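Chemist: The lines below spell out each chain.
2 protein chains.
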Amino acid sequence: MKLSANLTQLISSLRCLPGIGPKSAQRIAFHLLERDREGGTQLGHALTNAMNKVGHCQTCRTFCEEPICELCQNPKRIDSGLLCVVESPSDVLAIEQTAQFAGRYFVLMGHLSPLDGIGPNEIGLDELELQFAKGDIQEVILATNPTVEGETTAHYIAELCQKYQISASRIAHGVPVGGELDLVDGKTLAHAFNGRKVVAID
Amino acid sequence: MKLSANLTQLISSLRCLPGIGPKSAQRIAFHLLERDREGGTQLGHALTNAMNKVGHCQTCRTFCEEPICELCQNPKRIDSGLLCVVESPSDVLAIEQTAQFAGRYFVLMGHLSPLDGIGPNEIGLDELELQFAKGDIQEVILATNPTVEGETTAHYIAELCQKYQISASRIAHGVPVGGELDLVDGKTLAHAFNGRKVVAID
Chain G
82 MKLSANLTQL ISSLRCLPGI GPKSAQRIAF HLLERDREGG TQLGHALTNA MNKVGHCQTC
142 RTFCEEPICE LCQNPKRIDS GLLCVVESPS DVLAIEQTAQ FAGRYFVLMG HLSPLDGIGP
202 NEIGLDELEL QFAKGDIQEV ILATNPTVEG ETTAHYIAEL CQKYQISASR IAHGVPVGGE
262 LDLVDGKTLA HAFNGRKVVA ID
Chain U
82 MKLSANLTQL ISSLRCLPGI GPKSAQRIAF HLLERDREGG TQLGHALTNA MNKVGHCQTC
142 RTFCEEPICE LCQNPKRIDS GLLCVVESPS DVLAIEQTAQ FAGRYFVLMG HLSPLDGIGP
202 NEIGLDELEL QFAKGDIQEV ILATNPTVEG ETTAHYIAEL CQKYQISASR IAHGVPVGGE
262 LDLVDGKTLA HAFNGRKVVA ID
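So the protein sequences, as listed, match chains G and U.
At position 53 of the first sequence (counting the first as 1) the number is 134 in my numbering, and the numbers step up by one without a gap.
At position 186 of the second sequence (counting the first as 1) the number is 267 in my numbering, and the numbers step up by one without a gap.
Isolated chain G, as found in the complex (with noise of 0.2 Å):
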């Protein structure tokens, strides 16, 4: 039995999505077919639309619809001398959410990785060269992922400010907060013990 023409090509397109499966994709065309047909219309449209008008902020290149986006506008964020560096979209909306930093970000979509053809430029260093050069940044703050690629590009980023002289600081490695001690791996448990502070007691 051959399915029809456009279910077929519901159940192969699917397949883009992250996890998906052959059978996960049949699972998920059939359900919508059968119980969320209005869903399915609508997340269609939504992923067109999306995908043909989403674009990137020209100054910080996090996603984007206009030019510029909200958090380069403000002008508070800019006069605060202080730009957080992150690997996706997704890091600075966590970031935001801690409603701890009010600078602005450089979002590199991805991280050094020479094997893969990634390169400084693929992940803009030459754009955010050109923001140190104009001399309104005090600090960057190098919030990459704490993994061997992201250790190497926050290097790599740490040594352009130094040639700036701006001042480069790297987020804290160390036990997560509410976490248990024994679920902790090693490596996070030495970067805890070596990032230790003095307990301040009034």
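Possibly wrong hints are sitting among the right ones.
Claimed, not checked - Which bits of chain G does chain U cover? Going by a derived footprint, with three or more residues having C-beta under 8 Å, they are:
#, stretch
1, 112-121
2, 134-146
3, 157-165
4, 216-230
Unchecked claim - The list that follows gives simulated cross-link-like pairs (lysine-lysine, DSS-like), each with its CA atoms no further than 25 Å apart:
#, chain 1, residue 1, chain 2, residue 2
5, G, 83, U, 244
6, U, 215, U, 244
7, G, 83, U, 134
FYI, nobody ran anything at the bench for these hints, they're computed from the structure.
Fair warning: this is a prediction, and the values are worked out from it, not measured in the lab.
We treat Cβ as the ideally placed atom computed from N, Cα and C, and that holds for glycine.
We have chain G already, so just place chain U on it with the hints.
Modeler: For chain U alone, coordinates are given in the frame of chain G:
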């Protein structure tokens, strides 16, 4: 920080996929925008096409883009006098893959569930009765799921068959092939014992 309108719309629309919560929806939206815009666009078109064009076969109710599906048009299958009743189009696909059945299907698109307001007419049993009345069906194979609702539905259809003097059979329950006996639940094992067959030695 507010996400752009189309991105927000995409994230909320993705929630219609089964098993996708707010965090996964965001992860999928960002993944598509960062790494697979082409796939996302294609999926958008595929969804719109499938939701608009895939309908139901007028005879067996499975998914189909023509008025009558390929299987229902096949004269060999019509002449077989066999009708297999299943709950969903994916069951048709699963049975077709075994290549063991050469009759027609009838897809209920659900099962009897009076508490949810799903009675005989909601699962097309009125249409099924019309087919029974024509008199060209010799045997009905009840392949609804082995759940309480599936069994109830099978029982209801078996009674309908009796009314039209059509033989009705239920697919066998037992130990799955390739499984391990100690991992099989008690009810299945009880079915396997009750349904035991004499070993034929040639």
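Chemist: Any hints this thing doesn't respect? Which numbers, in order?
Modeler: The structure breaks hints 3, 4, 5; every other hint is satisfied.
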